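Peer 1: So the chains spell out like this:
Protein chains: 6
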Amino acid sequence: MSTVNAAKPPRRYISSFQPSEYITGVFSISNGQLGRTKNDKPYLKCMIRDKTGELPARMWTIDPEYFRTLPSEGFVYIEAETQPFQGELQLILKAVEAVQVDDQMLQELLPVTTKNIDAMFADVVALLGTLKHPAMQALAQTYLDDENLMTQFRRAPAAKSIHHAYIGGLLEHTLSLMKLADVVCPLYPKMNRDLVLIGLFLHDLGKTRELMYDRTFAYTDRGELIGHIVDGAVMLHDKVQTLMRVGGVRLPKNVYTVLQHIIISHHGVPEFGAAKLPSTPEAILVAVLDNLDAKATMSLAAARPDREESNDFGSNFTERQFALDTKLFKPDPLAE
Amino acid sequence: MSTVNAAKPPRRYISSFQPSEYITGVFSISNGQLGRTKNDKPYLKCMIRDKTGELPARMWTIDPEYFRTLPSEGFVYIEAETQPFQGELQLILKAVEAVQVDDQMLQELLPVTTKNIDAMFADVVALLGTLKHPAMQALAQTYLDDENLMTQFRRAPAAKSIHHAYIGGLLEHTLSLMKLADVVCPLYPKMNRDLVLIGLFLHDLGKTRELMYDRTFAYTDRGELIGHIVDGAVMLHDKVQTLMRVGGVRLPKNVYTVLQHIIISHHGVPEFGAAKLPSTPEAILVAVLDNLDAKATMSLAAARPDREESNDFGSNFTERQFALDTKLFKPDPLAE
Amino acid sequence: MSTVNAAKPPRRYISSFQPSEYITGVFSISNGQLGRTKNDKPYLKCMIRDKTGELPARMWTIDPEYFRTLPSEGFVYIEAETQPFQGELQLILKAVEAVQVDDQMLQELLPVTTKNIDAMFADVVALLGTLKHPAMQALAQTYLDDENLMTQFRRAPAAKSIHHAYIGGLLEHTLSLMKLADVVCPLYPKMNRDLVLIGLFLHDLGKTRELMYDRTFAYTDRGELIGHIVDGAVMLHDKVQTLMRVGGVRLPKNVYTVLQHIIISHHGVPEFGAAKLPSTPEAILVAVLDNLDAKATMSLAAARPDREESNDFGSNFTERQFALDTKLFKPDPLAE
Amino acid sequence: MSTVNAAKPPRRYISSFQPSEYITGVFSISNGQLGRTKNDKPYLKCMIRDKTGELPARMWTIDPEYFRTLPSEGFVYIEAETQPFQGELQLILKAVEAVQVDDQMLQELLPVTTKNIDAMFADVVALLGTLKHPAMQALAQTYLDDENLMTQFRRAPAAKSIHHAYIGGLLEHTLSLMKLADVVCPLYPKMNRDLVLIGLFLHDLGKTRELMYDRTFAYTDRGELIGHIVDGAVMLHDKVQTLMRVGGVRLPKNVYTVLQHIIISHHGVPEFGAAKLPSTPEAILVAVLDNLDAKATMSLAAARPDREESNDFGSNFTERQFALDTKLFKPDPLAE
Amino acid sequence: MSTVNAAKPPRRYISSFQPSEYITGVFSISNGQLGRTKNDKPYLKCMIRDKTGELPARMWTIDPEYFRTLPSEGFVYIEAETQPFQGELQLILKAVEAVQVDDQMLQELLPVTTKNIDAMFADVVALLGTLKHPAMQALAQTYLDDENLMTQFRRAPAAKSIHHAYIGGLLEHTLSLMKLADVVCPLYPKMNRDLVLIGLFLHDLGKTRELMYDRTFAYTDRGELIGHIVDGAVMLHDKVQTLMRVGGVRLPKNVYTVLQHIIISHHGVPEFGAAKLPSTPEAILVAVLDNLDAKATMSLAAARPDREESNDFGSNFTERQFALDTKLFKPDPLAE
Amino acid sequence: MSTVNAAKPPRRYISSFQPSEYITGVFSISNGQLGRTKNDKPYLKCMIRDKTGELPARMWTIDPEYFRTLPSEGFVYIEAETQPFQGELQLILKAVEAVQVDDQMLQELLPVTTKNIDAMFADVVALLGTLKHPAMQALAQTYLDDENLMTQFRRAPAAKSIHHAYIGGLLEHTLSLMKLADVVCPLYPKMNRDLVLIGLFLHDLGKTRELMYDRTFAYTDRGELIGHIVDGAVMLHDKVQTLMRVGGVRLPKNVYTVLQHIIISHHGVPEFGAAKLPSTPEAILVAVLDNLDAKATMSLAAARPDREESNDFGSNFTERQFALDTKLFKPDPLAE
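As they're listed, the protein sequences go chains A, B, C, D, E and F.
Here the first sequence is numbered in my numbering, starting from 1 and rising by one per residue.
Here the second sequence is numbered in my numbering, starting from 1001 and rising by one per residue.
Here the third sequence is numbered in my numbering, starting from 2001 and rising by one per residue.
Here the fourth sequence is numbered in my numbering, starting from 3001 and rising by one per residue.
Here the fifth sequence is numbered in my numbering, starting from 4001 and rising by one per residue.
Here the sixth sequence is numbered in my numbering, starting from 5001 and rising by one per residue.
Hints may contain errors.
Unchecked claim - Anything over 10 Å on all C-beta distances counts as not near chain A; from chain E, calculated:
no.	residue
1	P4042
2	E4065
3	P4111
4	T4297
5	N4316
6	A4335
As the list claims (entries may be wrong) - To give a feel for the contact side, a few chain A residues facing chain F, derived at Cβ under 8 Å:
no.	residue
7	H237
8	P270
9	E271
Since the hints were derived computationally from the structure, they do not count as laboratory data.
Fair warning: this is a prediction, and the values are worked out from it, not measured in the lab.
Every residue gets a Cβ at the ideal spot worked out from N, C-alpha and C, and that includes glycine.
Build out the structure end to end from the sequences listed, making use of the hints.
Peer 2: As structure tokens, then:
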């Protein structure tokens, strides 16, 4: 298995593929299966992906022994032709070989935040440092001390697609929410800022178990069957036990339940996955802030993208945004 | 018709009435009708209200001539007995007389904000002063120059009931939202702050036509049939024409439409009265902030009321909150 | 820019295009944009349309200077090949040139009513002539005197697609409803016929601002963000002011509100765009008649089309009709 | 058992009962049951009804033998006191005796149409006489020849409550719809008038089995478990067999199915009881006309009742109308 | 017309077709229509089907006279090429000829149960033999005596697709439910087993009229417009009359209504086609058992199919199952 | 504090209270609060309950010191008058005193299963003994070894109201489901019986934390905020760790996730509290069986209660059953 880096001719991205092109390069592979043609000959079916998109691929002749050298989820060098099939492009593989990738290449294969991960994490830690109640400080530290979890927290995307669907997305979304809480809480003096801040820190941590993001973005089996809501609740159960056993800290009455309630209710309504309706002021605020950040981020990304598509003389509206249930009017009428 | 002030024995409030009490005092009257008993004798039906609640009332003998001296919506001095009827209390009037009320008394009859109206209005004006675009400054000034409208804006409640249902409530809710926008907009640099701020200033102004709040809180006929959403849109149409005709200012292209869109979409979804789904980043933010302030205000008011009901050894939960679709857990577990 | 008329070899319609044909002729163009290929070469993307349908088109080499001679929405002569792409046909343009079209050609490019527009308009005017109340007569006249509006009223379609989606469709639909009211109102003597008739005349006039129909059928930006419901309400506000200012006629109390209510409630329920539920007998009748005409027209057009497709030995059912939520049984069992 | 007629002192109606009155007179009784008090003494529970409403009643001491002389559904002379209980009035019976009632009295006990039943029935027959297709004429005659069914058709209400809930209501509603079809069908020439007219004649005939209306208005057990939709379909099955067997007439292909489809789909959507969505133009028209007549009738009855309640100086709105999901604005602004 | 049997080279199944193959063989044809090309030349449009799937087909040159020799629904020998068109495969016919098929061939063209039909029918009869009440025995016998109906009962599928969509499926599903009832009823002693058992026997018999299954699987016109729910109710009406007329057996009071209620309520809720909500314990049990068998059968068929697809190294989840609203986790973790 | 037993004059049950009775006896008290009258005098508010129902109670004069001797949730001897208030009965307490109750009295105060708890528990253990896989045997034993949990499992009700709302109800419902699975699983050979059986054993165990049932039936605070679904998932997490740590048994891959999925999905749909849709055959079967047992039990309890109310000559229908969304037809037509 060879090692590949990005010091190569300019990379072709999947989003720019046209019919009948010849493609070579390193991509992420997933869902690798060995099919059988009608003549009972084995062939390879899989998905090929880079940070710009994914395509189905077929290799019509492949030796089953060789197939076993390929990763089910991992990285491959391919040579292939693009071919329209059933209304979409697919790749007909001429050659495929398992490869290792370095970090530089990985950034071509999986989308990654444009922000600095270390700086964002430091901001989260700093905001947790403003917690007033010693028990909340101690609980936050129990999470921060879990190095494995924090490594995942810094890497995980916040979603498989739609918004913050890139390496570092979970951290970026969490920090964004904690900053929001930092400016919004003072406007509602009776709102307990500690509960809101730590609630936001915890609310999506179960996504580190729900999503796979080292080789491709996908839901794990556990993510499909259990999900980050319940796993975040179980994780809190463990951390509270650790805090008591290791740190000797017993949370004030109801704190465990109220924080767990924030986690399991933060999607707002059952149809969107909440196991309970938010039923404390802080749980309600967490759910609304989560919604605010998601909608503001999605709408600005769609209506006012960074890269100006400068030759667009066409419609003033974006495509319909599935998660917003509408298409967006793009012009900022005061900016023109 | 006599004039009444509050310099009287300690006032009895409707919320504290028990069965079989004798009540005297000044109240707001509404829905005054002359009914006919089975023996074809005229009787008076009406609602009696103060700042703490309302009750149905009956006066079994009344002269139709005298009836015509009473206001359909206004103020009366009454003498009455409380009586349970069909599962609720009602008032059996022994005497009723139209009265005028001074401002001090009015505050006993209609609920009023605990904040300072002049100070809040000054804050709104100051925030409008931070608008950057000259056309937005000019448009805001056109509204501020409408003295009649501003008088109503300072007095109107934001709702007939539920949240901000008191004199000054519309102003308080609007200011609360503009302050929120002031801290939230900087976190989303591509969000056009001018559109959000002026959009929030305008979004509920139609409520000055939707609600009656000088003698009682009720929907006007126009409020029932047209509503503040469409009336706010018509009001903007007029103001933009005034701005052009009087001030000679022509809004940049699309600004009129985009602001009107914010007004008609701010309830978020059609089921809650939005004529269009919010379809610009600023319209989406206005709708979410409106929702945030409403839910934070309602949940804190229910779970952590100002007046401590100190002898409550009972449930940790409030009654079910209709607008939140749930009951709320009251304890702040870190505050105990 | 050349002028083109229809005196040419028999026209090929888009609905009859097959793969791999060579097409020449005049069509409507819309959504014209200048894209960039992966090699950064400019290319033209647009939609090509005639009265029978529309297709996406591409011209792979185009000079940006020449591109600017083309209309974003307008008319062009093209030479092109049809090509299957991603499950649909698209046009590969070999030549494209802006042209003017005469009225005869326009009728090939935009679908048009089969009825006589002048005769239909005369019928509307005649039905308005039967209004009994002088204020209603005067209000109707204020609308009829707005020549620009009446020109649009005679041309606009009633929808972008589905039913009455052709030039003259709004007029045809409006007349159809007024005739319905003319026969139905006498069966309900307490129904105020004046309010129903003028309400129907006004209910969809906002569509003249919601839809673009001079070069293609599409929603205007204002149509997307505001819609014909609110714009019809604003239009009535203006006309009532004109009537008072110019004609010196003051409407009886509540008439303005009740007519505006008919306009904003005529879609029946919020999910279909009504800003209020119909809340007067006349508003209810207008909403139900609108629904009746739409459903009767759509179902007959689908199940019993004018052009008999004579060689159909197949299913007795139409395709599923989206707006009726079902497919229709075509045979009239008494007609066979 | 005595016979009672209405030549008595002026009748007291249930709708006018006040607490603590002494009532005597003849009423309809239903739901008669023998309860047991905690001391195991038998008591009578039942409902007492006249044409204006119904009340629960109790007789605290009753001999079981005497109880058996009372009808479960029928008529009784009572002496009773009105008493508030659990938020409503109830009757405490002092005496109760089974009676027979004459037709005049029956009209005091069950609400009845204000129209002439014979004249309405003649109108229905006349409209059926305009059917063009001989098979439809023959089918209509088969129904008209069923004397028992026609007797029920002339008496049955169209509903237990809400609209046309009175003796003769089914006939009145059916005739109203057939008249509507008579004026509407000519506006849609492709609509088969025969199918619409006979479809309307048949659509609610199953209500003769669904409702009990000789002693009180109630659903029959069969009405609850099967309903008029399925029973109307079964009835058509029988009539078509009779027509073939007795009259020797075989319906054209599909006519039986298409008419049965009209019956089972006329409620429009499954949530309102339709077994299928209307899927022919005629089935769609029948469902929409049924909706039109119901809504027009209900809205006019609520907003503009016959009896002017002349002393009402109160709200311009009716109570919330359950079946219209809103309250109605009462004034006709052009009539004042 | 020639007769074809299956003693031929190994059959190619539609599910295995690839683009650009040449196909010969016998298939089921449906929806045969004669279209017209733009040059007004006739062509054949139809669907071609075998037990594994179906594809659209076109024959670009065909003599209308020859067309009339083809069945609209039936069987044909074809020679054809597979061609991708608009994102799917279609067949371009080179030759087509009507054929008769023997039973062996029929099993290649229509999917068929893997169970023994005679044995299953015997089991149904045996279970009906355990009915205790003589009237229920007599009613069951009346159905069993209807040879034509029983022939259809043994052949009909239980659905057009999804579950039990094969010859013998209705019988298999019915037997499966009766066996379930046989073990479940004893756990609820108050449940009347006779009503449940015969209710299950009857509940889907209307499907023999709803579905066409002799040449292809499709809904009949009557199935679309009336459906098996209402037709099952009408069928019971007829059988009960036969039982009384021929057998002299009068059902106990309410039995007819209660059984008919089971039939029309067995889909549970109106959205899924129930004409009434199940309102007896037995009707509720029938609806729940029907749901249990459908879901258990579908989930096992999807997650644990008979044919092991042995080279699948891919996802642990099935495709999304439309009728279960989710995708299924395939592994049985205790079986590995 | 005195101790009270049931050897007393015949007990009066709350369900039989009439207005204006004098009541003495021992009851359960809950929600005890100290209110303040308008004159600022303290009074006691609470709920009084026995196994047949509950009523609000007030004691208008009470010493705050004495109040503190009363339990918030517990048992009291009371002397009281019944009084109608706001449409319901309430109790006016004359005397109230905290008491201890023995087990015999407890059975008068809380409803209890009519089955034998020891025998039912033995049946559950026996069914768990039929598990085939050693890991499942070991896991079941880990639960059975938790004495505290098993004590709760034997006592807890399955609901606060509706079905199995009595001491022992959780055990009875669980056993009922395991017996169902025992007879149903053999009919679906591919269904893994072990997973279904142990899944049913575990599915509602979280109710031991969700419900309070030692002094009254109510949701615990944790039950309101977290619920038995998430708590059942956390409990499994703990037990699996115990099994590994103590028993050294590691579950086969995916078993933990699949069992936890059964627990969190067993309510079927999110609207009813499922955190995930059931997505394995076994999870689907568990959800359907749970539904079957609930509906069969509720419908038989309502339509065919044990105690024959023999003098009911009235309606054949029960009251509307909230959880079944309908009223039930009571007669078993074959039993009469």
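Peer 1: With reference to the structure, classify each hint as holding or not holding.
Peer 2: Here's how the hints hold up against the structure:
With a minimum CB-CB distance of about 29 Å to chain A, P4042(E) clears the 10 Å threshold, and the non-interface call stands. The Cβ of E4065(E) lies farther than 10 Å from every Cβ of chain A, with a closest approach of about 37 Å, so its non-interface assignment holds. For P4111(E), the requirement that its beta carbon stay farther than 10 Å from each beta carbon of chain A is met, with the minimum near 19 Å. In this structure T4297(E) is separated from chain A by more than 10 Å, as the shortest Cβ-Cβ distance comes to about 22 Å.
Once the 10 Å rule is applied to beta carbons, N4316(E) is inconsistent with being away from chain A; the minimum gap is 5 Å. At roughly 16 Å from the closest C-beta of chain A, the C-beta of A4335(E) stays outside 10 Å, upholding its exclusion from the interface. Restraint check, H237(A) versus chain F: the minimum CB separation of about 5 Å is within 8 Å; hint holds. Because the closest C-beta pair between P270(A) and chain F is about 4 Å apart, less than 8 Å, the hint holds.
Taking 8 Å as the C-beta contact cut-off toward chain F, the hint placing E271(A) at the interface holds, the least distance being around 6 Å.
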